[in-house]
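The primary structure of each chain is shown beneath.
2 protein chains.
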Amino acid sequence: MKGNLIIISSPSGGGKGTLIREILRTVPDIGYSVSYTTRKMRDGEVDGKDYIFVSEEKFRELIENGEFLEYATVHGNFYGTSVAQVQKEIAGERDIILEIDVQGASAVLKNLPEAVSIFILPPSFERLRERLIKRATEDLDDLALRLRNSFDEVKRFDEFKYAVINDDLETAANQLATIIIAERLNHTRQMTAIQCILDSFDD
Amino acid sequence: MKGNLIIISSPSGGGKGTLIREILRTVPDIGYSVSYTTRKMRDGEVDGKDYIFVSEEKFRELIENGEFLEYATVHGNFYGTSVAQVQKEIAGERDIILEIDVQGASAVLKNLPEAVSIFILPPSFERLRERLIKRATEDLDDLALRLRNSFDEVKRFDEFKYAVINDDLETAANQLATIIIAERLNHTRQMTAIQCILDSFDD
Chain A
2 MKGNLIIISS PSGGGKGTLI REILRTVPDI GYSVSYTTRK MRDGEVDGKD
52 YIFVSEEKFR ELIENGEFLE YATVHGNFYG TSVAQVQKEI AGERDIILEI
102 DVQGASAVLK NLPEAVSIFI LPPSFERLRE RLIKRATEDL DDLALRLRNS
152 FDEVKRFDEF KYAVINDDLE TAANQLATII IAERLNHTRQ MTAIQCILDS
202 FDD
Chain B
2 MKGNLIIISS PSGGGKGTLI REILRTVPDI GYSVSYTTRK MRDGEVDGKD
52 YIFVSEEKFR ELIENGEFLE YATVHGNFYG TSVAQVQKEI AGERDIILEI
102 DVQGASAVLK NLPEAVSIFI LPPSFERLRE RLIKRATEDL DDLALRLRNS
152 FDEVKRFDEF KYAVINDDLE TAANQLATII IAERLNHTRQ MTAIQCILDS
202 FDD
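As you go down the protein sequences, you meet chains A and B in turn.
Position in the first sequence (from 1) plus 1 gives the number in our numbering.
Position in the second sequence (from 1) plus 1 gives the number in our numbering.
Quick caveat, the hints were computed from the structure, so don't treat them as lab data.
Don't take each hint at face value.
Which copy is meant is left open, because identical chains are indistinguishable; a pair holds if it fits in one copy or across any two.
[As the list claims (entries may be wrong)] Straight-line C-alpha distance at most 25 Å; calculated DSS-like pairs for lysine-lysine:
1) Lys3 - Lys156
2) Lys111 - Lys162
3) Lys50 - Lys89
4) Lys50 - Lys162
5) Lys3 - Lys89
6) Lys135 - Lys162
7) Lys156 - Lys111
8) Lys162 - Lys3
9) Lys135 - Lys3
10) Lys41 - Lys111
11) Lys111 - Lys135
12) Lys59 - Lys3
13) Lys156 - Lys50
14) Lys156 - Lys41
15) Lys89 - Lys156
16) Lys59 - Lys135
17) Lys59 - Lys156
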């Protein structure tokens with residue numbers, strides 16, 4: 002038996018970070034795949050926990066060494082997922098969450114179509130704009146560009162198996178947890194238990 | 002948007018009847034597809050609610066008229082699923098549960114691979130034997146035959162997407178509900194809502 006790789010993606014400002022923290026707090030037997038990035042650390046972020054923050058030089062070296070399941074540039078920064086970490090986690094019975102942008106999710110799903118993919122959507126573009134302004138960690142100059150990118154990303158919802166609309170945080174977190182628990186009931190996850198039942202047959 | 006067809010199957014004595022009654026009581030927006038059968042009505046069963054009980058002559062007439070999505074014989078009795086009823090139910094937003102034997106499930110899944118298929122397993126064959134003896138609506142003579150049939154059916158678990166082991170009723174009912182709710186979050190079920198979000202983009 003092995004864990005599921007749970008791919009969670011959303012346009013920026015979709016609120017997936019908060020949702021994932023809630024899932025890690027409430028759902029048992031689940032871990033988080035920490036991505037590498039070259040972007041600047043934001044206030045409150047912890048190196049090695051939120052991301053592994055590296056220089057562009059180091060990132061290029063990791064690419065050369067084939068260390069990434071996927072990598073991509075978003076708004077001029079590199080983001081990458083370590084092959085080794087994902088393999089180590091799903092070899093056990095724990096699920097692992099991969100928080101990743103839409104391009105990256107698309108690349109991982111090509112390699113691992115059995116992954117559980119979930120797309121988090123904002124309830125509307127008006128609400129997405131408000132969230133981006135409220136966060137405002139980047140210049141507001143590129144707000145229009147970000148919204149346009151988000152629109153293009155939302156159009157790709159059908160590359161994901163599940164869609165969760167993040168209107169109310171509690172509802173969305175419950176929906177996310179429901180998907181994760183249901184996917185553990187997939188027959189492939191229950192092979193060992195079912196073999197025990199078959200072995201109990203006394204011919 | 003349309004509802005999901007939820008196929009629930011188990012070997013006899015697997016306890017799916019009780020579980021389904023629990024789901025119909027606790028999960029909103031879900032109905033039950035009543036099958037036709039030629040078997041005798043059991044104590045407590047209601048014609049038109051548990052099954053539509055018909056003569057073998059009538060059943061053969063319905064087959065002739067192409068009224069069944071699938072039909073099968075189990076222990077010498079006919080069981081069949083009405084095309085019309087299933088189509089009517091899933092055209093709305095309601096899910097519909099189809100309680101069906103393993104042969105029948107297999108036939109429906111060939112025609113409707115997008116159906117959500119769930120296999121209910123007994124926790125062991127010892128427990129299955131106890132349940133069959135406790136129910137004892139049929140001669141106990143064919144108990145050994147039933148158990149052998151059940152064994153052959155359990156081996157077909159991998160034809161179903163999900164597997165639920167019915168050890169504790171409450172746990173199994175919760176797992177069943179979790180699967181049904183999670184499948185409503187499939188992106189194909191959320192097309193209309195996502196289109197509204199896309200339309201909210203103010204270019």
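To see whether the hints hold, each was checked on the structure:
no.: 1; hint: Lys3 - Lys156; verdict: between (32 Å within a copy, 21 Å between copies)
no.: 2; hint: Lys111 - Lys162; verdict: both (13 Å within a copy, 21 Å between copies)
no.: 3; hint: Lys50 - Lys89; verdict: within (17 Å within a copy, 51 Å between copies)
no.: 4; hint: Lys50 - Lys162; verdict: neither (27 Å within a copy, 35 Å between copies)
no.: 5; hint: Lys3 - Lys89; verdict: within (10 Å within a copy, 40 Å between copies)
no.: 6; hint: Lys135 - Lys162; verdict: neither (30 Å within a copy, 42 Å between copies)
no.: 7; hint: Lys156 - Lys111; verdict: within (18 Å within a copy, 31 Å between copies)
no.: 8; hint: Lys162 - Lys3; verdict: both (20 Å within a copy, 17 Å between copies)
no.: 9; hint: Lys135 - Lys3; verdict: neither (40 Å within a copy, 37 Å between copies)
no.: 10; hint: Lys41 - Lys111; verdict: neither (29 Å within a copy, 52 Å between copies)
no.: 11; hint: Lys111 - Lys135; verdict: neither (35 Å within a copy, 51 Å between copies)
no.: 12; hint: Lys59 - Lys3; verdict: neither (32 Å within a copy, 50 Å between copies)
no.: 13; hint: Lys156 - Lys50; verdict: neither (30 Å within a copy, 44 Å between copies)
no.: 14; hint: Lys156 - Lys41; verdict: neither (28 Å within a copy, 54 Å between copies)
no.: 15; hint: Lys89 - Lys156; verdict: neither (33 Å within a copy, 31 Å between copies)
no.: 16; hint: Lys59 - Lys135; verdict: neither (32 Å within a copy, 68 Å between copies)
no.: 17; hint: Lys59 - Lys156; verdict: neither (33 Å within a copy, 51 Å between copies)
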